[in-house]
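Trainee: Chains as they are written, first to last, in the working numbering: chain F, 1 to 179; chain Z, 1 to 192.
Note that these hints are calculated values from the structure, not bench results.
For each residue, glycine too, the CB sits at the ideal point set by N, CA and C.
It is possible that some hints are incorrect.
[As the list claims (entries may be wrong)] Simulated DEER-style distance windows between Cβ atoms:
id, chain 1, residue 1, chain 2, residue 2, range
1, F, 48, Z, 161, 42 to 50 Å
2, F, 69, Z, 85, 25 to 33 Å
3, Z, 73, F, 109, 46 to 54 Å
4, Z, 78, F, 57, 29 to 37 Å
5, F, 83, Z, 46, 39 to 47 Å
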Amino acid sequence: MSASIHRLPRAVALGAAAIVSLAGCAPLTVSTAVERGVDLSAYRTYAWSTQVAPPTGDPRLDGNSIFHDYLAAAIDRRLTAGGLEPRDTAPDLLVRYFAGVSQEVFTTGAEPDGSCRDCRLEVYDGGTLVIDLVDARTRTLVWRGWAKGDIDGVVDDQELMERRIDRAVERIFERLRRQ
Amino acid sequence: MRRLFALAAAGVLSLAAAGCLAPIAVGSHLQPAADFSEYRTFAWEPADAQPASDPRLERNPIFTDHMYGAVERQLAVRGIEFTDSAARADLLVHYHTAVVERLDVEPPGGASSSCPTAACGNAVVDFEQCTLVLDLVDARTRQLVWRGWSEHRLEDLLANPDSLARDVDRGVAMMLARFPRRAERRLPGEAR
Numbered sequence: 001m002s003a004s005i006h007r008l009p010r011a012v013a014l015g016a017a018a019i020v021s022l023a024g025c026a027p028l029t030v031s032t033a034v035e036r037g038v039d040l041s042a043y044r045t046y047a048w049s050t051q052v053a054p055p056t057g058d059p060r061l062d063g064n065s066i067f068h069d070y071l072a073a074a075i076d077r078r079l080t081a082g083g084l085e086p087r088d089t090a091p092d093l094l095v096r097y098f099a100g101v102s103q104e105v106f107t108t109g110a111e112p113d114g115s116c117r118d119c120r121l122e123v124y125d126g127g128t129l130v131i132d133l134v135d136a137r138t139r140t141l142v143w144r145g146w147a148k149g150d151i152d153g154v155v156d157d158q159e160l161m162e163r164r165i166d167r168a169v170e171r172i173f174e175r176l177r178r179q
Numbered sequence: 001m002r003r004l005f006a007l008a009a010a011g012v013l014s015l016a017a018a019g020c021l022a023p024i025a026v027g028s029h030l031q032p033a034a035d036f037s038e039y040r041t042f043a044w045e046p047a048d049a050q051p052a053s054d055p056r057l058e059r060n061p062i063f064t065d066h067m068y069g070a071v072e073r074q075l076a077v078r079g080i081e082f083t084d085s086a087a088r089a090d091l092l093v094h095y096h097t098a099v100v101e102r103l104d105v106e107p108p109g110g111a112s113s114s115c116p117t118a119a120c121g122n123a124v125v126d127f128e129q130c131t132l133v134l135d136l137v138d139a140r141t142r143q144l145v146w147r148g149w150s151e152h153r154l155e156d157l158l159a160n161p162d163s164l165a166r167d168v169d170r171g172v173a174m175m176l177a178r179f180p181r182r183a184e185r186r187l188p189g190e191a192r
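Looking at chain Z on its own, in the form it has when it is part of the complex (with noise of 0.2 Å):
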């Protein structure tokens, strides 16, 4: 219940509570080193070796190709182009997924409660968790700059093939959303 309220707070259920929308929690990693207005040009790499992913999306064309195309379109949208030559681009990037199983509560007669009324307390849900995770390299230093990552319930993404298109390019946008703007450095304690 916690973490929904973390969800909540952080603004990502507005949606989800009008019924639509499965909630996704995004977050990101920068390097405060890194000159990001650098950047113009990127190229993919093959995915990292991370434990732990889910054939269901892996060989999932659906999936992939929702993946590939909503990076490159929010990475265009913030000036910096896909380019098919790993030599020339300024970023390599690759994502990959992880799925872990997860504990949450649900209020007292909750959907998978037997019991219809408050006084019998609440329950825990385990379901599956799973975390895009996209990774930006500078190609020259070969050091990660930035790391986004979406959380879904993996239930929520494999409901169906427009719920998985969707979800994968909205977790994309909103973990985008939290790039750098060009020309503008974090500066010391400024919240990002």
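This is chain F alone, in the form it adopts within the complex (with noise of 0.2 Å):
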């Protein structure tokens, strides 16, 4: 889906996109930030972080070269249709992920002045997905981009867990275009 979106007016893949979050798909928090007087158009090159990312916090995840080669697949597509480069050799940006699941808890149903009729907890697993250009020569944090949603079920079926990761990570680089 990701890929057909990407060739058709930005204004069309937005509409779409919000159409498809209408159509009940889970919501995802995206958000993005970038070091003061950074100029991120200067940055031609990148290459991927040395560092190990840490653990996800997720048996099913941790360890799992399948899983981290699709996520860090789906990075490359999306800083290579931004115009950057990869090179391995002297490259400006160094990218760096991190994923991690952790159980949320929350309460339905409460009003605001606290009171609470019919409230009922509910558990689920969320997801956060955390991705970092560097600066390489500074080797300063330049900027920083993250989504966060429901994962529910998401991990134990594969493709679904595709879909997800596509649409967080396109969702991240959707930012950093416009910064």
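Build the complex: two chains, separate frames, hints provided.
Mentor: Structural data, given as structure tokens:
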């Protein structure tokens, strides 16, 4: 899906993404932060950081190269589509990511005044993906993008997981292009 | 509760609902570039160094015997025979177990609640979840080509030797039921 949307004009792609989320996709919170004074357009090349990714907190994903390779390839696609070129020697940027899974608890039905009618507690698996761009020369973090969402039942279904990775990475890098 | 619904949707609670078998969730990932029709033999390799296992399982011969036995039976059914020579094996197989503390919600007036009516709301309960992870590695490329897992409540597994043996067998059979059938390569976009 992401590949075909990518070829569409940007307004159409955003419209399509909005329709997808109305159609019942789990909500995804996306945000980014850019180091003050940094001109991201000055960076042309990147390489993967050799820093070892910390554990995900999920035994299904730790040491799972099928998952990590898919995620890294999805990030590669978005970086090159954004005009950055992979380069092993003397890259401008180093890229690293962190993927984590942790359970979240929330209360449904709570009123703003603190009262509670038909309140229920719910538990779900929350997934977080953080992508960092580090200046290769100064070794400082220049840009961080992250996405957080409900991933209940996602890891067990590889195809669904791959679609959710594509969507999260796409949404994160949409914000990079605007910065 | 949503997690339990997810399990039910996956069709794994059908027997548990009858009160006889503990719920088990399973899943798997496969390397799409791997040609599964090439694999005829496998050998065991030592479990990889993943943290947070549990000595009540790892030092339990009933668990390890059933884990090895169940995997050997289920792979043989799929045309992949055990060999004791790692040099001749097409696949190197290892497993590991991980135990993590998890939360679940129970309905109002649930088992651990002191409140008998729905007016009290529901409660969050914690439990130890045990994940059995099975990795199949291409012996030539050393690349992980398939990973399957089954998730159990540790208290169900450790309830007695019979439930341990039965649930390890069930977990392995359920995860390997997702293994690609010979000569059936997955096409892009095809459900697995």
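Trainee: Now tell me if each hint is right for this structure.
Mentor: Comparing the hints with the structure gives:
no. : hint                       : result
1   : 48(F) x 161(Z): 42 to 50 Å : 48 Å, holds
2   : 69(F) x 85(Z): 25 to 33 Å  : 29 Å, holds
3   : 73(Z) x 109(F): 46 to 54 Å : 48 Å, holds
4   : 78(Z) x 57(F): 29 to 37 Å  : 32 Å, holds
5   : 83(F) x 46(Z): 39 to 47 Å  : 46 Å, holds
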